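In order, the protein sequence lines correspond to chains A and B.
For the first sequence, counting from 1, position 152 maps to 152 in our numbering; every step adds exactly one.
Start counting at 1 in the second sequence, then tack on 1000, and there's your number in our numbering.
Everything labelled a hint here was simulated from the structure, so no lab data went into it.
Mixed in with the good hints there might be a few duds.
Mimicking DSS-like on lysine-lysine, the simulated pairs with C-alpha atoms at most 25 Å apart in a straight line are [as the list claims (entries may be wrong)]: (1) A:LYS168 <-> B:LYS1061; (2) B:LYS1147 <-> B:LYS1106; (3) A:LYS235 <-> B:LYS1040; (4) A:LYS95 <-> A:LYS132; (5) A:LYS113 <-> A:LYS132; (6) B:LYS1068 <-> A:LYS168; (7) B:LYS1036 <-> A:LYS168; (8) B:LYS1147 <-> B:LYS1040; (9) A:LYS235 <-> A:LYS248; (10) A:LYS168 <-> A:LYS115; (11) B:LYS1106 <-> B:LYS1061; (12) B:LYS1150 <-> B:LYS1106; (13) B:LYS1132 <-> B:LYS1144; (14) B:LYS1147 <-> A:LYS168; (15) B:LYS1106 <-> B:LYS1132; (16) A:LYS235 <-> B:LYS1045; (17) A:LYS132 <-> A:LYS115; (18) B:LYS1040 <-> B:LYS1144.
Predicted, not measured: the structure shown is a model, and the values here were computed from it.
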Amino acid sequence: MVWKITDETFETITEEVILSIDGISLRAPQGQSLLMAARHHGFDIPTLCHHSDLPSEGNCRLCLVEIGEHPRTRLVNSCTYPVEAGLLVQTASEKVLQGRRMVLELLLARCPKAKIVQDLAAQMGIYESRFKTDDPEELCILCGLCVRACREVVGVSAISMAHRTPGKLVATPFLEAAEACIGCGSCAFICPTGVIPYTEKDGVRTIWGRDFPLQPCNVCGNFIAPTAQLEHWAKITGDPVEHYFVCKDCR
Amino acid sequence: MDQERLDTILSRYEGDAADLIPVLQDIQDQYSYLPKDELKVVAQKLNVPLTRIFSVATFYKMFSLIPKGRHQIRVCLGTTCHLRGGPRLMESFSHRLGVEPGYTTKDMQFSLETVGCLGSCAQAPVAMIDDKYFGRLATDKVPKILKLYKN
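Looking at chain A on its own, in the form it has when it is part of the complex (with noise of 0.2 Å):
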């Protein structure tokens, strides 16, 4: 059998190796993350954080895992943990449940109003979290996926998280407008709650403090994307500006 690698994370073809999830021996290339070989074979977790194509940091904690041989068992992030030869996985033994709950816990303490958190919780049959919510308005739940976003695929790095824990934000560089924003509005478009404002009006987007012109078709007339995001992509392929300034339906 020819294996078909579809990990972002997995570069270059490596040895395959068996390991047990939930007591199912089963191959997975070695080094492949545990949620990447899990879900390949049909296992179910949930996460908040990943995206297959985005770096694996585990930000949200609710992919855990409960590895080892019992009694010396532990819990581990499966988006960042390796695929090893011989290893034992549980993806829903009580240990994983309880700490899976304890995770929804404390990020319905901290965003109780985002859906995605609530449908994950309500699933897990929580409805409340025994924690104090500082900000009941807040949505953010710093899964990094904006961040990751512009720094990985959209390649400016116009915002990082800033601060620590329990001021910690994502922000732009002094809280100023972002010299970097090309305005693009990936990291809008990824954020799972939408807690990233932007509006587009009149021609205008909106974003991280910055207004971005957007550039009209030069055939059709309808705006295609804000003129500094089409100079970038301009900038990357070494294309005259221009080459962009006709939407794709137009080409």
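Fit chain B to the supplied structure of chain A, relying on the hints for placement.
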């Protein structure tokens, strides 16, 4: 912005992204804070996104984005110091200087802050001024110590 002063700091490093924290430490030592314009130059020279520098600068407690005083006073509020009267010591410093912890006096002489543990629990309660330790402190010793640093 003092370009020359910054250049002497930057010339000591090779300009790798890995030099970021040492460079920031040097700037913090020399300027007593991290000025915004200087950080923009550092971002360019080390080829590090400005947002990453902001992230690092706000994460570590040794860095400050607002000017700090000439002398840093750190009052220990670790477990042992807490039990041996650290909070009262803190209050005394705060009262004498007229600033809350985390702030700098108007004359820019002293910055006051609390720390978790200074690693000298046997000497509790401990305070640190710049790089000098003061152990077994009592509130009545505070004016005397401050006098040493006032000019």
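Quick check: which numbered hints come out false for this structure?
8, 14 and 18
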